[in-house]
Amino acid sequence: MTAPPVVAASAAPPVDRERGRRRARRRNLGSALLFLSPWLVGFAVFTAWPLIYSVYLSLTDYDVINDPNFVGADNYVELFSDPKVALALGNTLFFTIVQVPLYVLVSLLLALLLNRAGRSAGVFRTVFFLPKMTPPVAVGILFLLLFNGQNGLFNTVLGWFGIDGPSWTTDAAWVKPGLIIMSLWTVGASVIILLAALQAVPDELYDSAKLDGAGFWRQSFSITVPMISPALFFIVVVNTIAGLQTFDEAYTAFFGAGNTTYSNDAALFYVIYLFQQAFEFLHMGYASAMAWVLFALIMVVTAIQILVSRRVVYYEGDDRT
Amino acid sequence: MRATRWTAAGVIALLAVGATGCAVGTGGGAGDDEANYDSDAELSGSLSVMGFSGVDEVATSRVDYAKEQLGDVEVKLAEGDLDLQQFLSAVASGKPPDIVYASRDQIGSLAARGAVVALDRCIDGEGIPTDDFVPSALDQVTLDGTMYGVPEFNTVQLTMANADLLSAAGMTIEDVNGSDWDAVSAANQALTVSDGGNLQVIGYDSKLPEFLPLWAKSNGADVVSEDGKTAQLDDPKVVEALEWAASVYEDQGGFSAVKAYRDSADFFGEGNQFATGVLGAMPMEQWYVNVLNDVSSDAPMAFDTVHDRNGDTIAYSTGSAWAIPSGSANPEAACRFAHAMTSVDAWQAAADARIEARKAEDKPFTGILTANAKADQMIRELTTSGGEPWDTAVSKMYEANDSTFSMPANPADAEFKTAMFDAVNAVLDGKASAADALADAQQEAQSALDDAWSKLEDGD
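Going down the list, the sequences are from chains A and B.
Numbering (the numbering used here) for the first sequence: 1 to 321.
Numbering (the numbering used here) for the second sequence: 1 to 460.
Chain B on its own, in the form it takes in the complex (with noise of 0.2 Å):
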């Protein structure tokens, strides 16, 4: 019986140590050293693309004119956006696909774990214009000063209102548009709807906890230092821009109120808040526009960019890039994937099949924001009048993409996230001030920093 035991034992210890033979082999992916960057050399091979769906007619457009750029090298999308574990996983076997698409606030961190390589060479190799870019979404995937992301399309913030509600109560767009953060108060109360302690109509929503670094920047500070090491999160003038992002949905009732009545709301159909009349005014994504336009376009909306507490146009830059995985089997061909995507003459052809789709359906072309400062300029001369007040949607939008910042890459920004959403909540809570919540976040974020860029600069 013992001699079954002991069998039975070693069966498992041998099929354990096995399985450790197999599992073993982490470390990283290697770096590109041996890839030769030349934008006239001829490609061949495969291109295997993770995190990118390329559904619409932006996408499938960009891809076809970035496969005739790669010759004959065929080119793989996997569907969907980018799991990180997966992602991570798929490096650490020594497996990645060729190229990611990222959201550019990922790439710090991925970068500072070496899952993703410099693009140094790429970018001199490829001839990669990086001058063209917007300066903000270079700042995203720039670590330590250098660069590991090609930055692709570009999101910012406008004011967006309800024109009938604010003319009801003897308003302008410039009431809510964030200069004057007393005047958007007023706006907010006056707008205010409430029945039997039942909110009918929210009056301003300032979109916690998401844009608080958009409010802190209004209000003459950063959440975090231009180089990214440094928490500023107890900035007392970010203190007061929560304090005061929170005010508003304490003059509604509460943020829970706020929010259940946001959730409860068709945001993407023919019953958006605008539409019916529920939502005063709100910053908003300008991707948003074409939602509102396609869906509800007599909607009484207006338009302004956010402005900050000086008066000046201001927007916060998030969007998604490229980046070469650690291990990539044909960097060179996903350097030039990645050249080719954010080009000027791919975003040409993206914006010749979104005008030729538009047209189809009898409506604007309200552009496309990239982070290519001259793709931009090109496709606002394409861009098509919708009337009043989507043309003015448009130019606002323009105008805030010359006026963005950023977060700057930094190598702990999931943890540095998550410490200052866990602060603004607090405060919406009501379980704390905004001081001491901050206080808190502060030092959470500048541990997750101190640990994450020391790793950085130890070479972990």
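Bound-form chain A, shown alone (with noise of 0.2 Å):
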């Protein structure tokens, strides 16, 4: 049996030191606060208010100049017997169901070139990621000049294949893709972050399945693909959101400045009319009302993604048995 332990007569006792340490918290949260503040501020300000704000405006009636009217859950109400909402949410619902896969599809190939593309990964790498610098708006113009039936640049090219290419930009049918298409325009920022994944797989198991004669596809399937799914993973639910809030280019092309009695039903996404709401017919409410539906949707979404992929994202490190 052991002696226990000596306490120092001059140690304060427990209760002093639990208020020390209690004195030392408060002041290491006041210090915190106080740095966070300008955050804090800015969050509450720019953030939180607006979202409270928001819930209570999709209660109301209101017009940006007169007072908010309450009228419970009209809004939602109205909202789920609107058939434009249905037209919007199916068209962008048919956006986001097709332009993600591919999106990813498109840019993991291009990442898997740039991947041995060797010392001119560099310039193709930024070359990629150019157009993403390109500000929605313009790229909405421009979808307009490529992908104008008559003399457009995309049918032309096209047209050198044989392939007599449709009204991208005026026919309903063609709408959509034309729109999918033009997307794969800003794939440079997700190319970059597979690009990532995919060096940092290590070449020992590449060079195992070789020894045990595993070729391209087997190697694909079997190494690279689990070992950068975390990264597919972020890009798809990165861009599922995006493509459910789509909006600047379809805007720009069919409902902007100079184009409004264009309206074309087929590119009416849901912010689109959401927007419609708010800032043309002024209807803030119901706007709002809409726009909750749209996070609702997201979330039920995001986690519908995140349950898939406790399936199949492998993160190193894990315990699957």
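Calculated directly from the structure, the hints in this document are not laboratory data.
Treat the hints with caution; some may be incorrect.
Computed list of lysine-lysine pairs in DSBU-like fashion (alpha-carbon distance at most 30 Å, straight line) [said to hold, decoys possible]:
| no. | chain 1 | residue 1 | chain 2 | residue 2 |
| --- | --- | --- | --- | --- |
| 1 | A | 84 | B | 431 |
| 2 | B | 95 | B | 237 |
| 3 | A | 84 | B | 455 |
| 4 | B | 455 | B | 95 |
These two chains come separately, so use the hints to put the complex back together.
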């Protein structure tokens, strides 16, 4: 049996030490809040308060000028029976469901190419990323020029291969496919993320696979894709959210100044209709309700993606049995 | 740890409450009850103007004239067109501009929401001669019998055609001026050129969807009632007008092809559709005469007014107006500014400046179309000959201006137009018949009108 440790006579009793720690914690908290206060003020004024106020507005009839008039759940009820909401939601879901896989696939292909490009990868990486710097409004205008069914560059190129291109900008059946193709313009950012992930895959894995006789496809599906699956998952989630919030390019091309009378139902995405309700018809309450429904939709879709990701995304160090 | 969380939450809540206090304050700006409008009064202070760029000689000369009338008032012009969101936010926050320059079709909606003030007292006090103004322009700024804007420019349509193409097809401008829809359809078919399904020449462009009100009126119907309260989009005559105007595109392979070709044209340049012979005819706003004269004065043009089915000249009038926002800090100066900018003397100054500019370029003065009939008469006498066909264009422009109609002011203009254009687009896309599309639009538009009028009448 060993003797208990001797407590120094000068040491403070446990209660005092606890008080001291609390004081220190309070001082630390005060300092932290002081340093965080610029962000906290910004968050409260520009994020928290608009969020809270938007919930309230969604329950009102509000036209910006006059005081909000409380209408309860009327906006939500009306929203679910508004055929244009259904149309806009349908357009948005179609765009997202087709665009996201295509976007990820093209990003991955370009990243794989860049990964094998050696020294010239840096140049191509810059070239692929540069379009991302183009303002979306300019991309919308560019879309009208490049995809003009009569003399646009895209159809001209298709013509070289004997393909008679459609009227991408004026034929309702081709408007969304055109916008989806145009959205690939900004694929560069995803390419860079995937390239970084590809470059982090240990060479030893490929060497071992080669020794075991695995070919290119086997290596790709058994090593490359699992190893970069967190990056792929990130790109899928971010682009799904962006797809559900599609606005800029389509608005500029089909609803913006100078083109307002040629609105095309095929390009009426959810956020465009929300914008029209808010800033053209001044139905701020209805638009707020629309925004919260979109928020809920994004939450549900993202939650499903996270659930699915638990089965398909591999994180190094995961203990999977 | 719990204390830390509660403290942080408390700070955020306090900040949010603080922000709430800052954000509240809506309810519209104050009226102009304390304003004392008097044309003899000496004015002072400043005048902030929103929505008026003032970039060319017609604008700057009138602004200079208006500044003289305002005496010591400092005039501040904000560059750019009116941003509705920015304007309404300014009104809601109680710091609106002193005067605003808006499209006339926005005035009804702005008035209904209390964003702009009634101008009765301003008109009386400043002595604005409303009898001098074009009646259709006044209709567009008059909501429920009260004027909310002082009309400025006026826009009307002319029939513009390529004389060479018409001549080659054995036709004249009368065949495409709209008086006989069958003749226009026949001309369209004769003038249209396609090569293997690709459009080479647009025969006739009926300019849908924006000119549906023109074709409806041409057929004897209005898309909205005179008091702005009843949508009439399902009127059989409106349906017939849409069917015909859309058939013009169907005869050319569909609207999609025509629009794609139309979009690809160098509309404002030397390679415009008339100069390059790829457009037979279309109704178009009169300002395009100046563009054509500027960039392709040798183009083989022919001009006429647009005619209704009875053969009478008809034009769908649109344009701009000055309005005083609720809560304007200097409504007296705003009223005098609106008066000055739309006065005959201001238009005289504008005409003089434009004549000088055109002389320097060795080009004719083709006139300026205003919403002030007296000013129009004065300016017309100052126009200079540019030879044919430009002299005819000027003459037809004034003829059209004498036969205008407009859509009356209503408190749901944006919703009404969206419903109307959506219906036209549905027909052009082949998704619905004209009757079905306009029946749906009628319901949508009427619902928006009913809602807006009831709020206005309830004083919400």
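Hint by hint, here is what the structure shows:
{"no.": "1", "hint": "A:84 with B:431", "result": "holds, 15 Å"}
{"no.": "2", "hint": "B:95 with B:237", "result": "violated, 46 Å"}
{"no.": "3", "hint": "A:84 with B:455", "result": "holds, 23 Å"}
{"no.": "4", "hint": "B:455 with B:95", "result": "holds, 24 Å"}
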